[in-house]
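K.L.:
Turn these sequences into a full structure, and let the hints steer you where they fit.
Residue numbers (the UniProt record's numbering), protein chains in the order written: chain A, 1 to 207; chain B, 1 to 467.
Misleading hints may appear alongside valid ones.
Unchecked claim - Partner residues are not named here, just some residues of chain A that face chain B (Cβ under 10 Å, in silico): (1) N79; (2) P85; (3) V104; (4) I106; (5) G125; (6) E178; (7) R182.
What the hints assert, rightly or not - Not close to chain A: a few residues of chain B, all C-beta gaps over 10 Å, as computed: (8) S108; (9) F112; (10) S224; (11) H243; (12) A250; (13) A418.
If you're looking for bench data, these hints aren't it; they were derived computationally from the structure. Where is the CB? At the ideal position from N, CA and C, for every residue including glycine.
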Amino acid sequence: MNAVVPLSALLDARQVWRGRAPEVPAGDQPTGWRALDAVLPAGGWPDASLSEILLPADGVGELRLVLPTLARLTRSRRNVVIVSPPYAPCVAGWQQQGVDMRQVDIIEAPEKDVLWATEQCLRSGSCAAVLAWPRQADDRALRRLQVAAATGQALAFVFRDRSHLSNASPAALRLELEALPRPQLWVRKCRGGAVPTRPVPLARLAG
Amino acid sequence: MLWTCINLSHLAMDGMLRRRPTTGPLVLVDGPVNARTIVSANESAQAAGLHVGQRLSAAQALLSKFEAIPYERESVDRWHRFLAAVAYRYSSEVSLLPHAIVLEVSRSMGLFGPWPRLDAMLRADFAGLGFRHRLAAAPTAHAAQVLATVSDGQAVLSVDALRHALQRVPLAKSSLPANAIAALPGMGIRNLGQVLALPRDGLRRRFGTELLDALDRLIGDRPSGLELYRPPDTFDLRIELLHEVENQSALIFPLRRMADDLAAYLAGRDGGVQRFLLRLEHREGCYTDVPVGLLAPQREGAMLFEFARGRLEHVVLPEPVLALHLIARELPAFVPAGRDLFDERPANALPIGQLRERLRARLGDRAVYRLGSTTDPRPERAQAVAECGGVHDEPSPRPTWLLAHPIPLRGASPRILAGPERLETGWWDGAEACRDYYVVETSPGQRAWAFCPPGEQGGWMLHGWFA
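P.N.:
This is the structure:
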């Protein structure tokens, strides 16, 4: 033990890998679903980040998942933008869920402009949440949205088909909705925490 | 009283250079066809030896290749008035003098700050618009004009200092009546100081009251008697292009200039613009109109340019464009958007209004909208595009997605979760609806809102999703 090597020399030589405690993103965006908040590392949506929601089909509860958040945001007079939704939002239905439709902007964009419009809204810094349904979005496009969400301090929600699950995604949170055999929600990726091994049953979401 | 004079001795050339930015030699010529003379030359033409007052034929002998453009009095006049509108931002008393604009600024300094700051603001404005200028300030309008002719940046703030400052001004630059300027040097009088020292009686006998009036206006013993400029109520700017333009990208540069000019004019009026027209002029009096309508008045140059460009990009040019014409008739008051002092948004946030305009400019005027509810019970009519929609609460459960048109629900017979909700209405306007709505679950596990004819439970029509 005569060779005394200073620790800093080892670190500078990059021969020592330093384990880091996973940084838990500070979140202040509860989803409004207690069972889901409990399993997410940030205790809710990852703030100023992209969340990806993967669906087997339309109408399996994807809006019920985000409507409590939209209701909370619009009631505090923040703006929410919906980019090229697959159907028209039903005003009466959204209002029944507590959303103030006067704060909700709907954008009809042709397919090639969906990502551009989404990025503009996220980057502007004046939208609290942006919901988008891009048909064709690759890894790079989603990364752009993630960066834009961080720049504009906005919640970004991207709704895509379940078939994209096998592709890697830069989203901070990936959720997969399942309708059969029973409605449930899988957390497929969550930054800053271990992925829960069990699905969150959708029936329990209501509670 | 404190007047400032903005001397625009290169007005004609600067106006022309805005239209055709060039680094090559360029001169403006005027006069009869057989005896054209140069009235203005740009830097590279001067470097080649061309100068003002030279015959065009002499210039052609000196330099083989340069551009000679006829001097247009109307266009110079238009630029002159446009710059007066820009200066109107700083004072309500603005007057036009030959090759100069004078404005009374003693009260403006209360708002804009002391003279050095106001001087810097004026210079920044004029330099930004691309007009070379010389500035001077003096207690009278005519004295300011004379000082600006002599040198740049002279500020005389008191009447006593004014006499001293005028002492050494040569007669040729004194803007006194022409007969006096011609005759006085013959009497050994070479500068203004000497003229001011002469006995008034003698001057009156020799030159009449005209000279004495001019001297009194210079010193401030007599009001300046200038006609005040009033900005027009509409903005109308036309730019002729250098050549026939066939693709939009060549229109971008003049468009940016026009948008900046419009913004400068609006700032002078303290107004905004909500609707303006961009007219692309073709040959033989044909034109294409590109209307630009905004949701709220705007006045920032970059924004106006972006919105106009977005509209222009969608236009297919049927013919080459010869000139651009921007017309703004509706100029409503502009109210800057208020913001919270403790705003949580990022500092560089784009206001939601401007974001919506940006999206509309690229995606179309109808691409961005908000939905409001109406009192019609038929689901397809219960909501409408509305800027500030009414809030009407529906007691029965409604889905979150609504299909534009009901479609047949295919597949196995769905499982009924709730219903029916009978809807029988619309007999008064021909679109009668008589339906039983159910909440059903489809075989892939979706929750749907579907209806069938009253009393039946088949022939399902899908109208929405409880997503």
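K.L.:
Now look at each hint and say whether the structure bears it out.
P.N.:
Outcome of the hint check:
1. Taking 10 Å as the C-beta contact cut-off toward chain B, the hint placing A/N79 at the interface holds, the least distance being around 5 Å.
2. The closest approach between the C-beta of A/P85 and any C-beta of chain B is roughly 8 Å, which is under the 10 Å cut-off, so the hint is satisfied.
3. The interface hint given for A/V104 holds, since its Cβ lies 6 Å from the closest Cβ of chain B, which is under the 10 Å cut-off.
4. Because the closest C-beta pair between A/I106 and chain B is about 6 Å apart, less than 10 Å, the hint holds.
5. Interface hint at A/G125: satisfied, since its Cβ lies 3 Å from the closest Cβ of chain B, which is below the 10 Å cut-off.
6. Among the interface hints, the one on A/E178 holds; its C-beta lies about 8 Å from the nearest C-beta in chain B, closer than the 10 Å criterion.
7. Of the supplied interface hints, the one on A/R182 holds, with its beta-carbon coming within about 8 Å of a beta-carbon of chain B, less than 10 Å.
8. With 10 Å as the threshold on Cβ separation, the claim that B/S108 sits away from chain A holds: the shortest Cβ distance comes to roughly 35 Å.
9. The non-interface label for B/F112 is consistent with chain A: the shortest C-beta to C-beta separation is roughly 31 Å, beyond 10 Å.
10. At the 10 Å boundary, the C-beta of B/S224 stays outside the reach of chain A, the nearest C-beta of that chain being 50 Å off.
11. The claim that B/H243 is not at the interface with chain A holds, since no C-beta of that chain comes within 10 Å of its own (minimum 33 Å).
12. With a least beta-carbon separation of about 24 Å from chain A, B/A250 lies farther than 10 Å from that chain, consistent with its non-interface assignment.
13. With a closest Cβ-Cβ approach of about 14 Å to chain A, B/A418 is found to remain outside the 10 Å limit, as its non-interface label requires.
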